[in-house]
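S.K.: In case you want the letters, here they are:
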Amino acid sequence: MIKLFRQAPLSARIGMLIIIMNLFVSIAAPLLAPYGETALIGDPWETMSAKTLLGTDHLGRDLLTRLIYGARHTILLAILVTALAFCLGTFLAFLAAVLGGWVNQVLSRMVDVLMAFPTLIFALVCLSVMGTSVPVLVWVIAIPAATRVYRLARALAMNINVMDFVEVARIRGERILWIMGREILPNALSPLSAEFGLRFCFVFLFISSLSFLGLGLQPPTADWGGMVRENAGAITYGIYTPLLPAAAIAQLTVGINLVVDWFLHRSAGKVPDEI
Amino acid sequence: MTDLLRVSGLHLEAVVDETHKPIVKGIDLTLNRGEVLGLIGESGAGKSTVGLAVMGYCRPGCRIASGSILFDGIEVTSATQRQKQQIRGTRIAYVAQSAAAAFNPAHKLIRQYAEGPIRHGFMAHGQAEREAKTLYKRLLLPDPDRIGYRYPHQVSGGQLQRAMVAMAMACQPDIIVFDEPTTALDVTTQIEVLGAIKEVTRKLNTAAIYITHDLAVVIQLADRIMVLRYGELVEEGTPRQLLEAPQEDYTHRLLAVRTFKREGQQVQHGTAPVLEVKGLTASYRRKGPNVLEDVNLTVARGRTVAIVGESGSGKTTLARTIIGLLPPTRGQIHFKGRALPMVLAKRNRDQLRHIQMIYQMPDIALNPRHLIRSILGRPLKFYFGMKRAEREKRIRELLEMVELPERYIDRLPTELSGGEKQRICIARALAAEPELIICDEVTSALDQLVAEEVLKLLQGLQDELKVTYLFITHDLATVKAIADEIVVMLLGRIIEQGAKETVLMPPHHEYTELLLSSVPEMRTDWLDDLLERRRQSAGAN
Chain A
1 MIKLFRQAPL SARIGMLIII MNLFVSIAAP LLAPYGETAL IGDPWETMSA KTLLGTDHLG
61 RDLLTRLIYG ARHTILLAIL VTALAFCLGT FLAFLAAVLG GWVNQVLSRM VDVLMAFPTL
121 IFALVCLSVM GTSVPVLVWV IAIPAATRVY RLARALAMNI NVMDFVEVAR IRGERILWIM
181 GREILPNALS PLSAEFGLRF CFVFLFISSL SFLGLGLQPP TADWGGMVRE NAGAITYGIY
241 TPLLPAAAIA QLTVGINLVV DWFLHRSAGK VPDEI
Chain B
1 MTDLLRVSGL HLEAVVDETH KPIVKGIDLT LNRGEVLGLI GESGAGKSTV GLAVMGYCRP
61 GCRIASGSIL FDGIEVTSAT QRQKQQIRGT RIAYVAQSAA AAFNPAHKLI RQYAEGPIRH
121 GFMAHGQAER EAKTLYKRLL LPDPDRIGYR YPHQVSGGQL QRAMVAMAMA CQPDIIVFDE
181 PTTALDVTTQ IEVLGAIKEV TRKLNTAAIY ITHDLAVVIQ LADRIMVLRY GELVEEGTPR
241 QLLEAPQEDY THRLLAVRTF KREGQQVQHG TAPVLEVKGL TASYRRKGPN VLEDVNLTVA
301 RGRTVAIVGE SGSGKTTLAR TIIGLLPPTR GQIHFKGRAL PMVLAKRNRD QLRHIQMIYQ
361 MPDIALNPRH LIRSILGRPL KFYFGMKRAE REKRIRELLE MVELPERYID RLPTELSGGE
421 KQRICIARAL AAEPELIICD EVTSALDQLV AEEVLKLLQG LQDELKVTYL FITHDLATVK
481 AIADEIVVML LGRIIEQGAK ETVLMPPHHE YTELLLSSVP EMRTDWLDDL LERRRQSAGA
541 N
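Sequence lines, in order, name chains A and B.
Going by our numbering, the residue at position 62 of the first sequence is 62; the numbering climbs one at a time, nothing skipped.
Going by our numbering, the residue at position 444 of the second sequence is 444; the numbering climbs one at a time, nothing skipped.
In isolation and in its complexed conformation, chain A is listed as follows (with noise of 0.2 Å):
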């Protein structure tokens, strides 16, 4: 980890302080907001002041908590989400790799499938049927997102498939799931895990458009793209209010892509500037 951090580029080092920064602020919530998440505590859009830090939202509730607050619902919600995306897709793709044959041509083509719809408009309709509960969010973000992990997964695991030394462990008598697991995986985890970042980046940004159309996570619960939708009004007087948590989505995004085009460049060759 050390040695990863002296390795990067100031950009990338900027990326990584960035995302430890929200990591921390979203796991230390409750230590670090002043106020509850919930409280009022002033008018509706105060200016900056000694008692609120970054001025109040649209009910008077302390904006700088419910940053607080909106990061560590919408980061631990994405992670969650991702980490199931990544499962899901990690898994089924190997299975097809390795199996190949039929259960390769099933899988793949339902992949597909699913890949045809527009993931907003799947998002949508899944949750004005079903009600904007946490777990059906969790699974109308996490399956789409997991079609595109499959996609790079498959193509990853077809790669190392063709080895001579899982060609050893399958001589060996060894099963599927060591092959997945013990052969393939170490190798795919480089590339899987640069995935990993920008996959995060794709589901926060859903998250918070969802909340921003009203079908995310739902009121009073704190969220930045709820936030941005809840304090829109605040422009037409020309306050600053609504900025404040679409910078916070702006900062996140651009510092886990900061991390993630490091991890891409490392892995990829480098092509000199003169032959």
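Be aware that one or more of the hints could be misleading.
Claimed, not checked - For lysine to aspartate or glutamate, the following EDC-like pairs were computed, each having C-alpha atoms within a straight-line distance of at most 20 Å:
no., chain 1, residue 1, chain 2, residue 2
1, B, K346, A, E167
2, B, K346, A, E174
3, B, K381, A, E167
4, B, K381, A, E174
5, B, K25, B, E13
What the hints assert, rightly or not - Stretches of chain A that chain B covers, calculated by requiring three or more beta carbons in the stretch to come under 8 Å of a beta carbon on chain B:
no., segment
6, 168-174
7, 183-194
Source of the hints: derived by calculation from the structure; they are not laboratory data.
Note that beta-carbon positions come from the ideal geometry of N, C-alpha and C, so glycine has one too.
Add chain B to chain A, keeping to what the hints say.
M.R.: Quick look at chain B alone, frame taken from chain A:
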């Protein structure tokens, strides 16, 4: 007379992170017009690096640290990009090791030939095509007027290699750098390409730098030879000088490769054969052509049976069928007297254990994320259910058997050299305590000196453990050294088999004769003699 090329004090280094590692340490090289210089050495000696540096090109991550490369008055190390582009292709050309990787599969051969002269502004398309056909004829390609209009995948390996030589000659360069041009070819094809190279360089008075690890090949072509090792010059001289009076110990060893012989093994009468293959026929698709046709084979215990053939002969397919990865359409396999299920999934653990396989390329035969401890420990756990303490002990014993230090137990495969990795593969096969080990071209990817050590190890292990080897190879020198019995395969059939002495002595099957005569010998006039003989016999027919 001024030299065409003079390299003085060339130092090249690899730059990794902040460290500079020297790869070529002070090479001096001169080349006259029309002269063929052989650069020979093992992998890592720096020969390809020097060959490319002559054109002012360094692989990514490397750079020229110091030294001068004077090509016909031009100092290449300080040339501008533009100047280098004018030299490359037109005055110095490069023929890569793998023709398949050097050609664009989406364009016809003749178009790729014409690309060079046209882009450099020498001639128009029509004239380029005419010249191409002349060169193809000179290089003895079949159907020279039409072969250029094919795509790379539609011609054979040897033909593609010659097309690449033609492409290099398109702009009539002063120097051609041949980088292991025949290493990837079968012995019989190699002859044709070598003959073609010799002919063309003589006729057009082109100078050449011939890079290879095969001393027997380079003495057929070169006027002078430089032996490289670890980026330094070991010895330099004419082929005759090197053959008759090598100065350095290293050169001696290169010359003596594969001369160790094995004392004939006594056949143990009365023991059941370990493996019996009867009437084996296999194909990849249900109605497809047969890749194996009626193969019959018997392997006795403790013997080494060598299966020889060129690419496409079916030897690897035979191995895969025996091991259970490719079910045959007809025929049976009997192991230790009992019938062996054809499909891998139907075999029991004991049957799986007793037949082990070692692969050609140790880099991909070992999982780069597994420690040596896991690689060797897994078969012990899987087949014998050994507990950790016992495994540790056994792993150390195995490492000792393959002559590797105990501390390797905590290493990853990427931290080992090619020869060491192959020893780990051998140890892994031995861990299962098998009856039969199938060695699929296990020394083909190794340097000759390293390969020799591995072969000696395999011999020693056989003497000690009485394990049986099925040795698949295309290299006749190896076969002469270690085999007890030889099986010659061609196009999926066995055309000759028997004890080593019987097969190697005439009279032979026609193909065996061809194969045996195609192995380069350590004589400078071997190639010329062979080509002359073949021309005569072709003329007589």
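S.K.: Below or equal to 20 Å on CA atoms is what counts here, so check K346 of chain B against E167 of chain A.
M.R.: Roughly 17 Å between the alpha carbons, so the hint for K346 of chain B and E167 of chain A holds.
S.K.: Three or more residues of the segment 168-174 of chain A near chain B by CB distance under 8 Å?
M.R.: This one holds; 6 residues, not fewer than the three required, reach chain B with a Cβ under 8 Å.
S.K.: Given the hinted pair K25 of chain B and E13 of chain B, is their alpha-carbon gap at most 20 Å?
M.R.: holds, 8 Å
S.K.: Given the proposed pairing of K346 of chain B with E174 of chain A, does the C-alpha separation stay at or below 20 Å?
M.R.: holds, 13 Å
S.K.: Take the C-alpha atoms of K381 of chain B and E174 of chain A, compute the straight-line distance between them, and say whether it is at most 20 Å.
M.R.: It holds: about 12 Å lies between the C-alpha atoms, which stays within 20 Å.
S.K.: Do the alpha carbons of K381 of chain B and E167 of chain A lie within 20 Å of each other, as the hint requires?
M.R.: holds, 18 Å
S.K.: Mind checking, does the segment 183-194 of chain A have 3 or more residues with a CB under 8 Å from chain B?
M.R.: holds (count 3)
The structure fails none of the hints (numbered hints given earlier).
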